[in-house]
Amino acid sequence: MPTYLRQIIIYAVVILMQIIINNYVNLGPLIYVCFIPLLIIYLPLDQKPYLSLIIAFGLGLIIDILSDGVLGLNAGAATLVALVYRPLFYPVFQKNNYSKKYIPPVRESDIWHHILYMLIILAIYFLFYITFDGLTKTTLLVSGLRYLVNIAVNLALATIIDLTLFNR
Amino acid sequence: MDYNSRSYKQLLTIGTFIILEVISIIMIAENSILQRYLILDGIRSTQVFFWKRSESVRDFFSLRAYNQALQEENAQLRGKLSQIQYLQETKAVTDSTQGLYTWIPASIIKNNPNKQHNYLILNRGAKDGVETEMGVVTHNSIIGVVGAVSENYCYVISFLNKSQKASAMIAGTTDFGLLTWNGVDGSGATLSHVPLSSTAAVGDTVCTSGYSTIYPPDIPVGTITDVYAVSGMYKDMDVDLFQDIRSLKYVYIVQRHHQDEIDELSQNAKNIK
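Those protein sequence lines, which keep their order, are chains A and B.
Using the working numbering, the letters of the first sequence map in sequence onto residues 1 to 168.
Using the working numbering, the letters of the second sequence map in sequence onto residues 1 to 273.
Only chain B is shown next, with the shape it has when bound in the complex (with noise of 0.2 Å):
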């Protein structure tokens, strides 16, 4: 083979682009940010260094928020703890859910909301007792599902990507559906696949619905901005999400209990079908 002819310059070209191509798109495929995170963990610990100092000066400039957060979130407990005591005191607690999860309370270390595939890091790991597929919320809002655990950290899968859904409801009524972000802005999201014969109109506020393993019930999350019918079979909802997940510095990641039985149950459930 002529080695310096023209054709065989462009074979090697041609054959290289191709190599290049599939070794890119398989990377793509298989390479999710998560597959990504556990591949350069070793890189991600010097990196917590650096961001933890990077946090601690935007942490300076927002105190005044974060403190007002805290305040409204600390409110709210106060009226949930005495509605709580008044329900123990009149011996009428017949919540069975009650107790069903535990919450862990941490910081962010590493926030990344500004793209298409968005990611946290939180301050707890293994040792507190987290674990994958755990949820992360706030008192107003879905954070996540914690993706990765090393000792000290957790990987949080943001809820803003595309990818990642969560089961919610119009509070108040039984029409539920799925959750999504909708790609464009922090705040924005899409309630699909509700029944068309749902009455949820515009103001409406949006809360988890508790049918997923991953997120408790009744976490209220945003308010409707837009109703439409799709196809003629359900209807779609804007969301106008509560939380603006940029300025968070503090989440809870919920521990359900009992979640080996559940899943035990699923499987079993799985095998008889």
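The following block holds chain A by itself, in its conformation from the complex (with noise of 0.2 Å):
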């Protein structure tokens, strides 16, 4: 099967998964689910950054308009994700693997440059998508708190779904 192909299919179904997730399985207000992050984290690196932009902005729209949330949360948030992934890539990842078309698998580099990659993405979206998401109708200490929380959990599903989907 075509790389692109392939990678198309895992789009999808981790879409459908995130959509599954957060419209039929109750984890209580402060979590949310996104994989968003993981996916944009996956876009070749060697595309045009506007391609990349509009692609994550187009993601984070689906996700919006099929999940129950506001409009344009995730789409402003996987928007600055694709605007800072690629710079992001080349301080996290060895130089032997700057001149990669896609994020190196784990077999290639190491467990622990995804994981960190990972957090620093996570950390960025969660930013956009908390703040916006009613910082000002909420005391900073709920914010916080839904800030971590968010970012542990996603982590941890990313990061299996990095090992078992994208790294098989």
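Relax, there's no trap hidden among the hints.
Partial pick of chain B residues on the chain A-facing surface, computed with a CB cut under 8 Å:
#1 Thr13
#2 Thr16
#3 Phe17
#4 Leu20
#5 Glu21
#6 Ser24
#7 Ile25
#8 Met27
#9 Ile28
#10 Lys115
#11 Gln116
#12 His117
#13 Gly183
#14 Val184
#15 Arg246
Just so you know, these hints were derived from the structure itself, not from any lab.
Since this is a predicted model, take the numbers as computed values, not measurements.
Think of the CB as a built atom: it goes at the ideal place given N, C-alpha and C, for glycine as much as any other residue.
Could you fit the two chains together into a complex? Lean on the hints.
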């Protein structure tokens, strides 16, 4: 199967998983499961940056429309991540991976590089998401708690999906 | 201009980023979930078909809890009925608020109680007399406010939204404040801006005040679990809500009579100022 076709199928499966989890699994009001950052870091590194931005915006908008939330929240957060995922790749991964077209698989790099990269990306994503989701309406403590809990939960879930779907 | 130059590419990237972020922020600011509901009304009618079926499965496994809740409510209503009958017989009915509200029973088609922006879809619409801005309650909780109405269904902005506020008071007193969801769990709320002179204590019951035209008075909603002074100006109280909205199936939409008259009066009062 061609790489791009495989990637499209994986993206569709991951988006479907996110919609099902958010619409049918009760995780409480604090936790928001989001796999969009994982999808963005697997966009081609040699792609034109503005294309990555548009794809990320589209992915976010799809989730906004199909999940029950505020329109524009995921789209905005995803666009921000699409802007920084490429510049952040180079400091996190080894120099011998600079010429890669995609983020290197775990067997070629290191699981800790993947986790660190995902942690930074999630931190940026949820900074936008939680700030615009109502920082002024909630106390700083609740927002801070949401921020930390969501990074922890999504890092764990993203690592599992990274290892099972993207690194098979 | 050299379209292959590095500065052109950077400019294109930054320009695209700014445009997309501005679009996102405008959408966030302009598109509340209510507006999104209106935009996606067509999609919703299809979704309602599936929600009804998934809710039916949920109902089947929750029948025992529903029956118990209905029995408790029945018992309370019977008690109130006997009180009214007694008062009518003794010609002692002097409460001018009697008959001020119509209660429209409704069942929940879609309940989404596990996020920061929650909503419900009820099986009552314009043909049943439902209008926007009507309150939705049960015998022991406030559920939300009708935000949009179609022919057969209505969309309720749940009380479990940080933007939702309800006027509430401590039962047996005249101390009142604003009740808002705490945003952390489905049964937690905060009663804020209660006068510092209030003697409310942990364990006291909080009920609706009736000072707004949305919710009727004296619906018990929860008990106080903590009381603390804020800025030396007023008191805030943590409230444990009686009803877990996630387990709800049946609710009442409350229609206040003379609403137009009250609105007109309020408008006239503003004009006098």
